[in-house]
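Position chain B against the provided structure of chain A, taking the given hints into account.
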Amino acid sequence: MKKGIWAMVAAMGVISLIILPDLGSKPTAAKDEFFTMYFFADMSRGFATTNVPRLLGIQDTIYWINKYKGGVQGRKLRVDWADHTNDLSVAATIYERWRPRKNFIFLAVCGSQENEAFHDRYAEDEVVVSSCGVSETGIYPAGYAFATIPLYSDQFANFADYITEKWDWKGKGRAPKLAFMTYDIPYGRACLQPLVLEYAKKKKIEIVDTQFIPIIVVDATTPLTRAKKAEADYIYGQSSYVTLVPLLKENEKLGYGLKFGCNNFGVDEPLPLLAGKAAEGTVLGTTPYKLWSEKNEPIIQTLSKTAEEVGRRRKDLANGYFLGVANVLTLYDLLNQLVPKVGWGGINSRVLRRQLESWGKGYDLHGLVKFDYTPEARTPMVARLVEVKNGQWTPVTDWNRMPGILRADLKGPYKEPSKPPKPKSVY
Amino acid sequence: MDRPAGVFDIRYEQDMAVIRTGPQWIVLIGFLIFLAALPVFAGSYFLSFMVLTGIALIAVLGLNILTGYAGQISIGHQAFVAVGAYTTAVLMDSFHWNFWATVPMAGIAAAGAGVLFGLPSFRLKMLYLTMSTLAAQFIIMAFFNHAFPDYFHAVSGIRVNRPELGGIDFRENEAFYYVVMGIAVLMTFFSRNLIRGRLGRAFVAIRDNDLAGEVIGINVSRYKLYAFAIGCFYAGIAGSLHASYYRMVNPPQFPIDVSIWYLGCLIVGGMGTTIGVVFGVLFLRIIRELVVFISPILGSMVSPIDAPKIGPGLGLISWALVVVLFLIFEPRGLAHAWEVLKSRFRHWPFKYSL
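As they're listed, the protein sequences go chains A and B.
Note that my numbering gives residue 95 to position 95 of the first sequence, counting from 1, and the numbers run on in steps of one.
Note that my numbering gives residue 1312 to position 312 of the second sequence, counting from 1, and the numbers run on in steps of one.
Chain A on its own, in the form it takes in the complex (with noise of 0.2 Å):
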């Protein structure tokens, strides 16, 4: 009897000396000649049409500056990433796993969830958080939490504004009808907030109708003839492309004629490969970013080139390509800037987050895209209007500038603490 017990307890302590050392927080210490951004996000979930390709998009990007640029200043970029499968759980030991690390003071991440949840954390651990997960909560109040695409409610607004300003009032006698069809999750009913509605009205935007519809569209005739019956003339959703294509092939099958608008996870490579001719001219959609399709710019053609050369396919390049590609290119000009100033060994995450909050109204992110990131902005804040002409993604207007639909309570610079830790130091 004894000796079963008291292997029992030899058991757990052999158990335990294993394992608490792999698992606990001894700090990796900075390896010299690089510096480490990290990346966790859903990958393969329902996220994973998103993520995938975004760090498709870091990884080129960090390529291209290591081998063209030597760099950043001397050193090598890498990444460090992990898939928390949509799984709070998994993202929170995930985040714990890295919050020990020194060099843990740069993180690109994907997904209002965890964003909200560690919000408050970033903060007090003094992490800047580069998202595409663009719930007001998960971003204001401003902390260290900085959009790379608009907040969800400007966006409509960016469409709405666009909508009012083309219909034909007196030809038509009468305001346009909208419908909202659009997830039955958060996310989704993000352009169903009071705010967003309010400035739907303030338009004169009639509102017809709100419909729920799941990610992968069955019966696609249902909802776009109770959108019909109601008399919509365009149709609003948090949709991603997977959604709009049965959207848009059964609205030109059924000859209804409606229009759609979408926000910047709308805007995607497949969807005109997928819907064809239904796309052309029927669905608007918001983005902050250059699109493939321009390929005189300079940004485009280096990112063209860079997939090329590391083998990427036309699908690879979808629209979460360029979200990685801004958070690289984020950490890039801040180093660049930074560690002439300070030095390597100056660089933290605070001084990070305050020379971001200096980048201003409108920084040009090397062409690709505008960032407006002041002590009391952290988005996007000037996108266009695109639709899908010839095949491809076409702008239909210039740069328009948002309006900053945001709560009131939200609003306001970051304070820091009074008396504020000492910063980790990388190096």
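Quick caveat, the hints were computed from the structure, so don't treat them as lab data.
We treat Cβ as the ideally placed atom computed from N, Cα and C, and that holds for glycine.
Be aware that a few hints might be false.
Said to hold, decoys possible - To give an idea of the chain A side of the interface with chain B (calculated C-beta under 8 Å), a few residues:
#1 Gly71
#2 Leu88
#3 Val90
#4 Ala117
#5 Asp120
#6 Ser135
#7 Asp184
#8 Pro186
#9 Arg189
#10 Gly362
#11 Asp364
As the list claims (entries may be wrong) - Just a sample of chain B residues kept apart from chain A, beta carbon distances all over 12 Å, derived:
#12 Phe1190
#13 Gly1197
#14 Leu1199
#15 Ile1216
#16 Met1301
Stated by the list, open to error - Computed cross-link-like contacts, DMTMM-like style, restricted to lysine to aspartate or glutamate with a CA-CA straight-line distance of at most 25 Å:
#17 A:Lys411 with A:Asp364
#18 A:Lys315 with A:Glu387
#19 A:Lys203 with A:Asp161
#20 A:Lys415 with B:Asp1208
#21 A:Lys419 with B:Asp1169
#22 A:Lys102 with B:Asp1015
Chain B alone, transformed into the frame defined by chain A:
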């Protein structure tokens, strides 16, 4: 229960005791000291792992009472965790309650919801009951998604602060670990003890043969509701801790995947045993962590194009594979394997007796 040779119960107190021998006491106390001392030598990552494991353990203990002991299969357990989380979040955010006061309220609210969704168990069994608990998952989450937007803030979520007590700030994992582990240990003990009393025996009787149970005088309907209430009370407590740990509550945090993952923990650990729940939760959480750790390494071994796809693909298959393998090769779970192991030691050099 298989016990070492020579250990006899000669008084009723001994027969009723949860811990029966001196060495068992030593191991238990040693384990509790180990748990208490963990923050001294373990890092933030490991403590975070333990906190999340503790929260999952409480939820799965509840599911074990409901499914493992009482035989009422539920695949909507995470919705009851959501009820607990929202109770704590709304009471703290809208009514400015103290966290500590919200914890029991979270359990009570989830128990109430459990009783409501347990009503179909009067008429339904097995697969049909499973479908009704699946409905609970969707109905409850739809409720939080759409009802009372001024309170539930489904779009923007509800921010929750971690508690303070006597000047101790529980924002750090080192402090919050004690809150979660304290509650987890207490609830594990309660769960272990439950099965030895009238209530637990009635649950087992209903699980094994509800008709026979009714014949011997068990009010089957009432006891089924007790099982739902107690199982969901556990879920509610787990939800309250969940809200406080993440400091934010939002409907996507409670997907059906997690409800099914909880069932997987029961299968792997061994249904109807408390130690099995501990093993199952710990085992599947370690598997999950290993997958996350290994994915980028695997990704770096293949071509750059496949790297981001092959690595994460591992996460999709690992959990399902483990559950299927257990169902085929060890359907009674790790708890049974543990009993076999102990028996081997006790009977060595003779063949084990199980």
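Each hint tested on the structure:
no.	hint	result
1	Gly71	violated, 19 Å
2	Leu88	holds, 5 Å
3	Val90	holds, 6 Å
4	Ala117	holds, 4 Å
5	Asp120	holds, 6 Å
6	Ser135	holds, 7 Å
7	Asp184	holds, 6 Å
8	Pro186	holds, 5 Å
9	Arg189	holds, 5 Å
10	Gly362	violated, 27 Å
11	Asp364	violated, 29 Å
12	Phe1190	holds, 23 Å
13	Gly1197	holds, 27 Å
14	Leu1199	holds, 30 Å
15	Ile1216	holds, 36 Å
16	Met1301	holds, 15 Å
17	A:Lys411 with A:Asp364	holds, 24 Å
18	A:Lys315 with A:Glu387	holds, 19 Å
19	A:Lys203 with A:Asp161	holds, 7 Å
20	A:Lys415 with B:Asp1208	violated, 61 Å
21	A:Lys419 with B:Asp1169	holds, 17 Å
22	A:Lys102 with B:Asp1015	violated, 55 Å
In the structure shown, a violation is registered for the earlier hints numbered 1, 10, 11, 20 and 22, in ascending order.
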